[in-house]
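Engineer: Line by line, the protein sequences are chains A and B. Numbering-wise (the working numbering), the first sequence opens with residue 1 and increments by one. Numbering-wise (the working numbering), the second sequence opens with residue 1001 and increments by one.
You may find that some hints are simply not true.
In silico DSS-like links for lysine-lysine, alpha-carbon gap of 30 Å or less [stated by the list, open to error]:
(1) K1132/B - K147/A
(2) K1153/B - K147/A
(3) K1094/B - K121/A
Honestly, the hints are just simulated from the structure, not real lab data. Computed from a prediction, not measured in an experiment: that's the story for all the values here.
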Amino acid sequence: MIPMLDQIWFPLSITLWIATMSSLLVLCSGVVIAYIFARRDFRGKKLAELLVTLPLVLPPTVIGYLLVILVGKNGFIGHLIFNVLGTGIMFTRQAAVIAAYTVSLPLMVRTAQAAIEAVDKELEYAAYILGRSEIETALLITLPLAKRGILAGLVLSFARAVGEFGATLMLAGNIPGKTNTMSISIYSAFQAGNNELAQVLVLILVLMSLLFIALTGKIANREKFEV
Amino acid sequence: MGVKVRLRKSYYEAEDSKRRRDRAKGRAKTGAKIEAKKAFMLDVSFEMENELVVLFGPSGSGKTTLFKCISGITDPDCGNITVNNKVYYNKNNKINLPIQKRNLGYVFQNYTLFPHMDVRKNIECGLKNWNKESREERVMEMLSLLHIEELEKRYPSQLSGGQKQRVALARALAPRPELLLLDEPFSALDKGIKTEFIEKIKSLQNKLKIPLLFITHSLEEAFMLADRVLVMHGGKIQQFGTLDEISYHPENRHVAELTGLSNLFDDARVVGYDEISKSTLLMSGDLKIRINSLELNPGNLVSWGIHPEDITFLLPGSEDQDKNIYQAYVSSVINKGPKKKITVKLIRHYKTLIAEVPAQFVESLRLSAGDSCLIKMEMSKVVVF
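Chain A extracted, bound-state conformation:
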């Protein structure tokens, strides 16, 4: 049985779309969270760090279950979404983005936080003394100097989003032509005995992963200044 082009193309495109959306969200929110964790002290910081890191160690099905409780029709956030949009988001590609975002955020926060912490605080003070506000300093000095770590975090998050399976399955389901991502398609093709399709999809994912590794290496070597 030769796999149909559509059977490959759709999972690939939906996976890339989900991973891109999730990575954009992770980039925007993750860097801010990482900066706050690295540079600010507040009550409950340890707890907040724990909450953000938790998805790294929780089984994906548990994350999926908790997310269903949160964003499902009866969940707090789900109810809010329903009131605003007039429709639930369970079993949509948006739900898959939420699942991917949740599991990949800690990767970004941890890498970016370490990178920001490694930036010499005296450089920031030097910028403050030169009249730069904290936000300007973060944008001009801290984040550019932590760029490598942030990019590494981004690549990791993207890779994690591409490979996301458990939570996505619970939150977005496996609806052909709607939410069947690469990982999920491999599983269902294998279940249905469609080995050829499974093999092609596996091959594509392996190639993509190799690309990520090459990309990460490139980022690490691209600096033109020494710190």
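Put chain B on the given structure of chain A with help from the hints.
Structural biologist: This is chain B only, laid out in the frame that chain A set:
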């Protein structure tokens, strides 16, 4: 005008959780606040005009902490800081100007140039609200002021220590600060460049007419730079005065030791004032010393000392204690650059002195270990406190 600083800041020893719990418990029981153990306290008060003041003291004496308080990187526990009538900090009036509004220049010990920006961008960083034209003009002005025009497009990693130093200074001066703080800017520089920079900084201070505080723990740098020296030790100002004052009229032992007074004795007693020779007589053990100082009460115990370079060697002759001339023998001669360090022992007085004299002088007198010699301590050069 000028700078007025009066502040106090304590640092506490790191506590483990058990000690902290005990302290909290103790407070709950007695209602009294139990203080954590103090590890260090900075407690300073001084005023300066538009002059160059050297902050001189050993490492750990609180010099950098003082800079951090003035610049706003850390807050003092109490006190006030005023620069040119602008209140930076006042605990009582709850004024604490944000770092960004303090308008001072700060050159950190390791220069803190932004590694991802070239020299031009580094200098521009402080010119936030300037329009493009005046900003470019100001950068060029700074580049030529410090003679670094050719470095404009270089990154900090491509600069030598001396060049980084100039760029850091240019960056600090670009926004026209009201006060310039320099934290050991020479610690990483070669001696030759150091001397050149000291000249540069002195002339800059003359030109800009802003108060300039300069941290160093090197006596040599302090002597080359200062109008006035603020001697710090253990978080406190030990003395604030001219070079002559701190080296010949130290207020206490810390200052005496820090200014290189290595011949220091604590066993002197004031005998009395002699009208004829217009001098005061001290007895240090059975050694008679005559000094110029007047305000000493007979019977008082004082410390006395003499700087190694103020001991002079005379041609062999006889001892005359009334003129501070003593018989001694040389116990060792050590090379110390263009000078020689000679350790002499006073015959019959069990005192060892260290002298520093130019090398050619030692050669002409043919002094070597074991020789006997005659030394003199100039009356006006004997330090008493």
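Engineer: Would you mind confirming whether the straight-line C-alpha gap from K1094/B to K121/A stays at or under 30 Å?
Structural biologist: holds, 26 Å
Engineer: With a cut-off of 30 Å on the C-alpha distance, tell me whether K1132/B and K147/A pass.
Structural biologist: Since the Cα atoms of K1132/B and K147/A sit roughly 28 Å apart, the hinted pair holds (cutoff 30 Å).
Engineer: Hint check: K1153/B vs K147/A, CA-CA at most 30 Å. Holds or violated?
Structural biologist: With Cα atoms ~22 Å apart, K1153/B and K147/A stay inside 30 Å; holds.
When held up to the earlier numbered hints, the structure conflicts with none and fits them all.
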